[in-house]
Amino acid sequence: NMKQLISGSLDSCVMVWNFKPQLRAYRFAGHKAAVYSVAFSPTNNLIASGSKDRTIRLWQPTVEGKSTVLKAHTGTVRCVAFSNDGRMLLSASDDKTVKVWALPTQRFAFTLSGHQNWVRSCAVSPDCRLAVSGGDDKTVKVWDLASKKCIRSYDDHTGCVNTVAFHPDGTCVASAGTDNTIKL
Numbered sequence: 001n002m003k004q005l006i007s008g009s010l011d012s013c014v015m016v017w018n019f020k021p022q023l024r025a026y027r028f029a030g031h032k033a034a035v036y037s038v039a040f041s042p043t044n045n046l047i048a049s050g051s052k053d054r055t056i057r058l059w060q061p062t063v064e065g066k067s068t069v070l071k072a073h074t075g076t077v078r079c080v081a082f083s084n085d086g087r088m089l090l091s092a093s094d095d096k097t098v099k100v101w102a103l104p105t106q107r108f109a110f111t112l113s114g115h116q117n118w119v120r121s122c123a124v125s126p127d128c129r130l131a132v133s134g135g136d137d138k139t140v141k142v143w144d145l146a147s148k149k150c151i152r153s154y155d156d157h158t159g160c161v162n163t164v165a166f167h168p169d170g171t172c173v174a175s176a177g178t179d180n181t182i183k184l
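Letter 114 of the sequence shown, counting from 1, is numbered 114 in our numbering, and no numbers are missing.
If you are wondering where the hints come from, they were derived from the structure by calculation, not from laboratory data. Among the clues, some could well be false.
Claimed, not checked - In silico lysine-lysine, DSSO-like type, Cα no more than 27 Å apart, as pairs: (1) 32 to 71; (2) 148 to 66; (3) 183 to 148; (4) 20 to 52; (5) 183 to 71; (6) 71 to 20; (7) 149 to 183; (8) 66 to 32; (9) 96 to 32; (10) 183 to 96; (11) 138 to 52; (12) 183 to 138; (13) 52 to 66; (14) 71 to 52; (15) 149 to 138; (16) 96 to 20; (17) 3 to 66; (18) 96 to 71; (19) 52 to 148; (20) 138 to 148; (21) 138 to 66; (22) 32 to 52; (23) 96 to 138; (24) 3 to 20.
As the list claims (entries may be wrong) - Each pair of labels, with its calculated beta carbon distance range: (25) 84 to 105: 15 to 21 Å; (26) 178 to 129: 27 to 33 Å; (27) 24 to 174: 33 to 39 Å; (28) 156 to 102: 21 to 27 Å; (29) 74 to 158: 36 to 42 Å; (30) 10 to 68: 20 to 26 Å; (31) 44 to 71: 21 to 27 Å; (32) 182 to 24: 21 to 27 Å.
Ideal placement from N, C-alpha and C gives every residue a C-beta, glycine not left out.
Let the sequences and hints guide you as you build the complete structure.
Quick look at the structure:
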């Protein structure tokens with residue numbers, strides 16, 4: 001957010017680092033296993049973290065130690081991603097699903113199912129109508145969030161898909177994988 005940097009680590013903590021040296025860093029403890037993904041909400045009023053403990057936590061970046069726990073996954077949470085409007089949070093997991101959470105109610109909304117292996121990454125389109133996910137089944141899937149259906153599946157990678165992202169104008173998706181390629 002240009003004022004703070006967040007990190008998650010194997011010690012199960014989330015750190016908020018302030019760029020101004022006179023401000024101290026915050027250490028958030030609560031997860032019971034490694035933290036694999038962190039994200040700021042678009043308004044910077046929430047931090048989401050995903051963990052090997054199969055939970056997502058929502059933190060306020062200025063209040064040390066308080067979090068809301070979101071539970072629905074049965075496997076490690078590999079990725080968390082906010083929608084641009086701040087109304088949704090997506091989480092990708094080793095349970096082969098992407099979960100969609102309604103914000104600000106912080107409630108589970110629905111599941112996107114279709115991957116055949118761990119899902120490592122997810123993202124929401126700039127207009128908040130589509131989601132994209134990628135994982136160990138070597139596929140990239142595009143989802144219509146209104147219908148909750150997979151509308152496109154790409155199997156161009158020859159290795160696991162580690163990360164996916166939408167172009168800022170929403171017209172293109174990029175994916176990177178263990179096959180040492182980036183696909184558009």
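task: Find the hints from earlier in the document that the structure breaks and name them by number, from lowest to highest.
output: 2, 4, 5, 6, 16, 21, 28, 29, 32
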